[in-house]
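Protein chains: 2
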Amino acid sequence: MSERVFDVEPYAISTTRLDDGRMRLIESMTSAGNAHMGMRGNFEEGYSGDSHRGTYIAGVWFPDKTRVGWWKNGYPEYFGKVINATNLIAIDLELDGEPVDLFTGRHEDFALRLDLRNGLLTRSFTYITGTAKVRFEFERFLSIATPELCLQRLRIRALEGSVRVRATPRLDGDVHNLDANYGEQFWSEVARGPAPVPHLSLRTIPNPFGTPQFTVTAGMRADVTGLDPSGVVDAPLQAGLVFSGELAAGETSEILKTTAVVTTRDVEEAAHVDTVSRLLEAAAGTTFDEQLAAHTALWEERWARSQVVIEGDDEAQQGIQFNLFQLFSTYYGEDDRLNIGPKGFTGEKYGGATYWDTEAYLVPLYLSVASPDVTRALLAYRHAQLPQAQHNARQQGLAGALYPMVTFNGIECHNEWEITFEEIHRNGAIAHAIAEYTRYTGDRSYLEGPGIEVLVEISRFWADRVHYSKRAQTYMIHGVTGPNEYENNVNNNWYTNSLAAWVLRYTADVLEALPRERLVAVGVEAPERDAWRAISGGMYLPHDDALGVNVQHDTFLDKDLRPVDTIPADQRPLNQHWSWDRILRSCFIKQADVLQGMYLFESDFTVDELRRNFEFYEPMTVHESSLSASIHAVVAAAIGEREKAIELYRRTARLDLDNYNNDTEDGLHITSMSGAWLAIVQGFAGMRATDAGLSFRPFLPAGWSAFSFTVGYRGRVLEVRVETDRVLLALRDGAPLELVVHDRTVTVDGELVVAHPV
Amino acid sequence: MSERVFDVEPYAISTTRLDDGRMRLIESMTSAGNAHMGMRGNFEEGYSGDSHRGTYIAGVWFPDKTRVGWWKNGYPEYFGKVINATNLIAIDLELDGEPVDLFTGRHEDFALRLDLRNGLLTRSFTYITGTAKVRFEFERFLSIATPELCLQRLRIRALEGSVRVRATPRLDGDVHNLDANYGEQFWSEVARGPAPVPHLSLRTIPNPFGTPQFTVTAGMRADVTGLDPSGVVDAPLQAGLVFSGELAAGETSEILKTTAVVTTRDVEEAAHVDTVSRLLEAAAGTTFDEQLAAHTALWEERWARSQVVIEGDDEAQQGIQFNLFQLFSTYYGEDDRLNIGPKGFTGEKYGGATYWDTEAYLVPLYLSVASPDVTRALLAYRHAQLPQAQHNARQQGLAGALYPMVTFNGIECHNEWEITFEEIHRNGAIAHAIAEYTRYTGDRSYLEGPGIEVLVEISRFWADRVHYSKRAQTYMIHGVTGPNEYENNVNNNWYTNSLAAWVLRYTADVLEALPRERLVAVGVEAPERDAWRAISGGMYLPHDDALGVNVQHDTFLDKDLRPVDTIPADQRPLNQHWSWDRILRSCFIKQADVLQGMYLFESDFTVDELRRNFEFYEPMTVHESSLSASIHAVVAAAIGEREKAIELYRRTARLDLDNYNNDTEDGLHITSMSGAWLAIVQGFAGMRATDAGLSFRPFLPAGWSAFSFTVGYRGRVLEVRVETDRVLLALRDGAPLELVVHDRTVTVDGELVVAHPV
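Just so you know, the protein sequences line up as chains A and B, in that order. Counting in full-length UniProt numbering, the first sequence runs from 1 upward without gaps. Counting in full-length UniProt numbering, the second sequence runs from 1 upward without gaps.
Chain A with its partners taken away, still in its complex shape:
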């Protein structure tokens, strides 16, 4: 792998090579976060080579202008984006008056390591000046025990020669967004100073759209041995402390920098400085190692219900561990005002907002590997934004609610008509997640409470968005973009039509099962419900009888249909080589579309139908979305195409670690981090949670000696270990559980072994 910059080990990424041509890639991969905030793996002392310094605070964003290009009615007023926030980790370093800079300076014994079990980032190197050799050892982590805290430890040791050291732990608010068109700054200083602790309080600049301004305050303390306090940093957008002194050979200085961050999302502005001071004071009572231990213990609790172990394949182990670590670093359900941005805290691309990826790709994972509360927080996020979704529908002149393609606050903030107005299948995914939560947990309280309110408004949207074609005598949905974003503005996308028909039917079913008083409260009368059933039943679902496949959209079969392997290798990925025009007109599919729909409603189809569709579409699919291969892997496994399933799994498992799409320098593909997990658990282990309960149809991929994983299910914690010829099920917590393995109903209570069929 030409793009592999880190060594393979199961639970960490590490390297002893500093590739200065790939700093952005290295920074993306060594990102870490604690759901409250996060940052790229930037260097404390700065770096003068090509690099992208990025610090992001959860829920803090700015509504930027979107009135560019050619306006269309219905477009949102602004484009929300995360903004690069105060650099929290800065520790300027000078030796004998010269800055330490790994881009320009001589150094040796470099090592960089991110622990994928607890997010501890360590970095060390020996820096060589004209007269001395000095060893630097950095450690840092963002605490999940106290999410306001960033903890850093730096040891500086003179190995040879004597050296004058100057260290300046500081906070740096002079930051810009990568996508700034005109070098704009989005922050203005509210307060700063060296006392009571060095602090910097920045407020987002005013905006004309009436969205809230945010104030973010960072305060720091520095506990230093071996150097003497020698000043403060107190300049616009800067606050910090200066330490200096002489280190003789063998002497060591230790710098503990503790930074606390609060925002007006949680604490009113007037109390910010007091709050960070108190947080820092409390932190001062514990050591770095104690803080790390408390933090690590909480991570261990997470792993106890989510760990995936792949034996005999460290690359695969590293891949799945990296993915789960990065996902949990981004979101663990503590704050239901937050969601999961496509780049998490690792970059700015896509604005950093909420996408439909959450419901389509992440809900199934969180349902299995974390408390149901985590998923419920994700559902609550959408329910809380129902009024905004109604606003979005009104913007299109339509009834009901349209959940946004991209948002921070529920209001759509993306302005490409073929996405904003047309990629409306997202509205189906929001509904489907409610059904999935209900089916997985068996808990109907969310569905019949807030859930049905969301479903009703989504159904109203669909009922208004269809039209009746007098010529064809069916309901149709024109002008959509399906999951395959390599086609836009198509008519009767099979996926979208299927999902819409399902939502209308499911909502009607749920309404009919509601207690009378709740039904009255929800306020849907029988005629409206009947209309939904009529649309659902009369929906046109394109199908080709001769081919025996569902047809992606009305005119797909008119295209020049040919397999991906007819494309010269040097023209892939298509999105980096072909014009958009050529991509749109080609038959090549960016990401699972018909198969995505059949995956969602798998039980409606025979294995033969699945197979025919897989064999038709998979050869035309280029998987240039990070969200595609995993779904195809699950389907391949379901139809017994094990080798294909493994091949597809490989495309998703180490997407970022191996920089498959050549864009990881922009940040990690956070919302596709569930892909490998889906391929392993739903694919290789064949896990399904249906109304009838949990089932497995496992096999062991070639090259692995075994794999195991832990899932939660209705109060139980279940460990599943798949070996060559058998599967071991162990109930780690909860009451005995009846489930189906290889079509056999078994009851797990303690441990159980089921042989694979021959």
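FYI, nobody ran anything at the bench for these hints, they're computed from the structure. The beta carbon of each residue, even a glycine, is placed where N, CA and C say it ideally should be. Hints should not be assumed to be uniformly reliable.
In silico DSS-like cross-links for lysine-lysine, where the CA-CA straight-line distance does not exceed 25 angstroms [stated by the list, open to error]:
id, chain 1, residue 1, chain 2, residue 2
1, A, 349, B, 65
2, A, 349, B, 72
3, B, 65, A, 65
4, A, 65, B, 349
5, A, 65, B, 72
6, A, 72, B, 349
Computed footprint of chain A on chain B; a stretch qualifies when at least three of its residues, placed anywhere within it, have a C-beta under 8 angstroms from a C-beta of chain A [what the hints assert, rightly or not]:
id, stretch
7, 466–472
8, 551–563
Once you have looked at the hints, place chain B on chain A.
This is chain B only, laid out in the frame that chain A set:
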């Protein structure tokens, strides 16, 4: 008409009312230009109310950033736009130390008038101070005799009281574009000064795209009586002269301001100041009235071969006169590096560049009302840009040449995929204009010379852009936007497919008729030509046999088809009331699409076919493009729907004068200025120029007592006068001409009368 701000008179627009809520509209309508430069009808002395001051210099533009929103492969690097240039007309005025300002000051006897025969703009008012009444009379025009010159005369007369007058004729370079996102300025000062003449030399700021920078230099002189020179203006971006003095009641001052403008398009920068000085010196030898007379004489020559006279309907007369005047002010073929922007010199919307409108809507007019050289200059413009058109095709990964949607230099500079990549029918219009020129003039020299080179490259584009559908066994064109821009990304747009098939066939025909040596030089071998014929013959042209109509595109008939009159009146125009999504999905047609194609190839269809298509599409057409109603009017006339033709004519004839689309404040719809002419000449008079010659099938619209028009045709000048029951043809110049009137072949030599059939 609530939007009518000018009185109706046949050859002028005038008003005695200053409606300060509609200044932008007034300014647009009183715009004037001389093809070299132009300006909105701004007030010399300034105006502190809402207003848009705009001066534009032909061929001077700036490549602005387009890297906004979501990038797509194939998009151009920059968006070219005209930039607001030095304000040439400024004459600051003070009375007793207070600025004259019609927005805030007391005034009476206001009059504003634009002469539509020679573009003389006159404005007068009496200004009332606390102690005096002062009369101001302004005149100005841009000379077509010396296109570098702007001439202004101002008479100031104290009617009552004595008054201290200060007048400052000056050049003001402190200008901004209306669409500036961040208040950018696009000019930097190169030179300025009071000597040898007050002058200001501005250069466009550097750009990163390698397109040329332009320097524009304006110099002025002022010949003043009744006031004394009292200083100069010499400040950044400003140059001018100051005059002052006391006028007692009955005393008059006259200010003649003459401004000369040159650009680096014509004169190298180092010679600018000398050149403007020489131009001004030469002008000083003639009086304002002499300059005006020379200018007016040239306009009279234009009218002698283009005048349209509508008797008995001054509104109609004013409409057609306004349109022709504004068109000729924008372009009269003197400079084949220029083209006709959609707003001409009257505003900045659409960037001010070249659109396909030129070939589709303006070439037929210029062919008839001006020397063939004017049209040939338009064709030469495209031929000169063939390399850039090849570049544009390569950007899409396609062979041949793709003429741009929007351009200044031939390179596409518009970045909306559904337009840039998909509205490719423009490439057909470029080819069709060559055929039209050849058919009208009978001159094959352009066709067989530069023209065939353009046709071949356009054909190569089409041959690569089609695909062969194995299922349907025909050639198809997927992913286009037809003339009806209320649908995007459709498949097999009948208009586009028809035009592409025609281009391929026509090009093959022309090649086969070429002299051997020319054919060799052009370099198309027989197999390529045969392939074009095969594609042309095998092109899929959607048609519905049951309805007997050509189908706009593949799935048009699946829509909810209904007539425009089912839309509530308060929802029109749709583009101001409906979301883009709703517009796209609706059946409503922005502008002639199938009918546009049948109009182009009228002789291929029977009147019955035309009628069926007209009756099918016209009820669904909202005509929200300024380019639509005129084509429908011509078709309506051709099928004998005279009332409908007149109704449609009315929508186009006074589009700007009555501000039909409620957007004239942004500038005039220059490229639709031919609409009324087409409706009158091709519609009411039924004029056609086919290979067989010229023919007419005239009728007199109800409400008119007669109409007449003059056209040039193959060396003749022909005047046609249509009365209630007869048509009079008069040969004003050239050899006897055989033509067809009401299906009768006649020879015109002198005058001839043909009765209308009963």
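Quick rundown of the hints versus the structure:
Between residue 349 of chain A and residue 65 of chain B the CA atoms are separated by roughly 19 angstroms; this keeps the pair inside 25 angstroms, and the hint holds. Of the supplied pair hints, the one linking residue 349 of chain A and residue 72 of chain B holds, its CA atoms being roughly 15 angstroms apart against a limit of 25 angstroms. Simply put, residue 65 of chain B and residue 65 of chain A have alpha-carbon atoms about 15 angstroms apart, close enough for the 25 angstroms limit, and the pair holds. Between residue 65 of chain A and residue 349 of chain B, the direct Cα distance comes to roughly 19 angstroms. Compliance with the 25 angstroms bound is thereby established for this hinted pair.
About 20 angstroms separates the Cα atoms of residue 65 of chain A and residue 72 of chain B, which keeps this hinted pair within 25 angstroms; it holds. With a CA separation close to 15 angstroms, the supplied pair residue 72 of chain A and residue 349 of chain B stays within the 25 angstroms bound. Evaluation of the coverage hint for the stretch 466–472 of chain B: fulfilled, as 6 residues show C-beta separations to chain A shorter than 8 angstroms, against a requirement of three. Coverage of a stretch by a chain is defined here by at least three residues with a beta carbon nearer than 8 angstroms to that chain's beta carbons; for the stretch 551–563 of chain B and chain A the count is 7, and the condition holds.
In summary, this structure violates none of the numbered hints.
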